[in-house]
Structures are given as structure tokens and as C-alpha cells.
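Asks: With chain A held as given, fit chain B onto it using these hints.
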Amino acid sequence: IAGITQAPTSQILAAGRRMTLRCTQDMRHNAMYWYRQDLGLGLRLIHYSNTAGTTGKGEVPDGYSVSRANTDDFPLTLASAVPSQTSVYFCASSDLSGLQFFGPGTRLTVL
Amino acid sequence: AQSVTQPDIHITVSEGASLELRCNYSYGATPYLFWYVQSPGQGLQLLLKYFSGDTLVQGIKGFEAEFKRSQSSFNLRKPSVHWSDAAEYFCAVLPAGGGADGLTFGKGTHLIIQP
Chain A
1 IAGITQAPTS QILAAGRRMT LRCTQDMRHN AMYWYRQDLG LGLRLIHYSN TAGTTGKGEV
61 PDGYSVSRAN TDDFPLTLAS AVPSQTSVYF CASSDLSGLQ FFGPGTRLTV L
Chain B
1001 AQSVTQPDIH ITVSEGASLE LRCNYSYGAT PYLFWYVQSP GQGLQLLLKY FSGDTLVQGI
1061 KGFEAEFKRS QSSFNLRKPS VHWSDAAEYF CAVLPAGGGA DGLTFGKGTH LIIQP
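Line by line, the protein sequences are chains A and B.
What the first sequence shows, in the working numbering, is residues 1 to 111, in sequence order.
What the second sequence shows, in the working numbering, is residues 1001 to 1115, in sequence order.
Hints were generated in silico from the structure; no laboratory data involved.
The reader is advised that the hints may include incorrect statements.
As the list claims (entries may be wrong) - Straight-line distance between alpha carbons at most 30 Å, and here's what the computed BS3-like set of lysine-lysine pairs gives:
{"#": "1", "chain 1": "B", "residue 1": "K1068", "chain 2": "B", "residue 2": "K1049"}
{"#": "2", "chain 1": "A", "residue 1": "K57", "chain 2": "B", "residue 2": "K1049"}
{"#": "3", "chain 1": "B", "residue 1": "K1061", "chain 2": "B", "residue 2": "K1107"}
{"#": "4", "chain 1": "A", "residue 1": "K57", "chain 2": "B", "residue 2": "K1107"}
Predicted model only: the values in this text are computed from it and were never measured.
The following block holds chain A by itself, in its conformation from the complex (with noise of 0.2 Å):
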């Protein structure tokens, strides 16, 4: 099935660990995000990529960095978590007319 995959589904994390949130899509999309989603703030951008081998900084990127290696996979990693990382977190992809597409989300907890 067509689709975006994301890994773990959840995760409990302590502080000071390094963690990378795996996505992956299927569907051959140029364009890949990274968000995170808190109670009473939507969905923020964390990271983006419009093409394998290119990254940018969307509105919350400090403490996150990421990786496009190739076109399917977009891994988000945290080089040292901190409890104010606790949310839940959604990987999409977009298709040339700009309609995006999510993936299930991992929810990130950090102690």
C-alpha cells in the first residue's frame, strides 16, 4: 500500500539520548516534512527537504537536525533530547500540486 511509514510508532526517551525518527514514503515525492504537534499549538515545522541531497529550517528546527540521502527517506534526528521535545510527531510528503500526505506519527515522550 502506497503510503508513508514511520518509526518507532512510540517512544519513551531520557534526557540527553540521541534518537532518530525514521520516515519513509513509497510514492516517488520530491518534497518531505518534518512536524511536531503539541496541545494548543497545531502542527509546526520542524525541517523540510524540496529534493534528495537538500534540507531547510522550518519554524521550530533547533535541536533537530535531518538528512536526505535519497528520495523515499527523511530521517529526523535529536543529537541530545530534552523534555521540552515531548510531542508527537508527523513525517508527510507532498506531491507536485503541493497536496501533502502523513504518515501515522511516533509520539515522543522525554524524561
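Replies: Then chain B, alone, in the frame of chain A:
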């Protein structure tokens, strides 16, 4: 920078009653406009979108939205809600032409359905 305002944090509607969720945007040019729905613990599902043309757009699950340029609004409506419509609703905008800078979301409206 563009922004999206959903003025109602919570809305309570009786089952079978009509619904209107408000969305206003601030942007230099008419952007692309979207409504997404999120059920508890789930991801986001696209309800409908407006790119151009007819300002009244039909979506899934009986929802529709009307783009009003003069009011910079894109309100979501449904004539008769069902208990299964209880969810979080998000309005979002994207620069016209697509762009790859990501969607700008409103903060969401939580819809509660009373029996």
C-alpha cells in the same frame, strides 16, 4: 509571514445539528487552503482543499468549505453532524503554486458532539 487563525478552540454541537468551523488566514496572495481532521490518537486526514476555481469546495464525509477572498476566510461546514465527527480539525495554508516550505497550520478546533 503567513498565519492561520482558528478562533474557536472548542465547539460543542448536538448530533444532527449543523456545523461551521471558522478559519481566517493572513497572506500576501491567495494561498492554497486545506482542512484536515484528526481523530484521537490518529494521524491527519485531508477533508478538502482549495487551489482555484469554484469557491465552494466539496470534501469527504459530507463536509464543504467556502473560500471568501474579501474576508480571507475558508470556513468548514456540514449540514448535519454525526457522533463520529468528534475530532480535532485543522485549517492549513500553503503558498499558491505549491512551494516546498511546508504547511502553516491553525491551532485547531476541538469538536465535541452531544447526543
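Asks: Do the alpha carbons of K57/A and K1107/B lie within 30 Å of each other, as the hint requires?
Replies: Distance ~20 Å between K57/A and K1107/B Cα, so the pair holds.
Asks: Assess, step by step, whether the Cα of K57/A is no farther than 30 Å from the Cα of K1049/B, and give holds or violated.
Replies: holds (25 Å)
Asks: What's the verdict on K1061/B and K1107/B, does the C-alpha distance respect the 30 Å limit or exceed it?
Replies: holds (22 Å)
Asks: For K1068/B and K1049/B, compute the direct alpha-carbon distance and say whether it is at most 30 Å.
Replies: holds (14 Å)
In this structure, none of the earlier numbered hints is contradicted; all agree with it.
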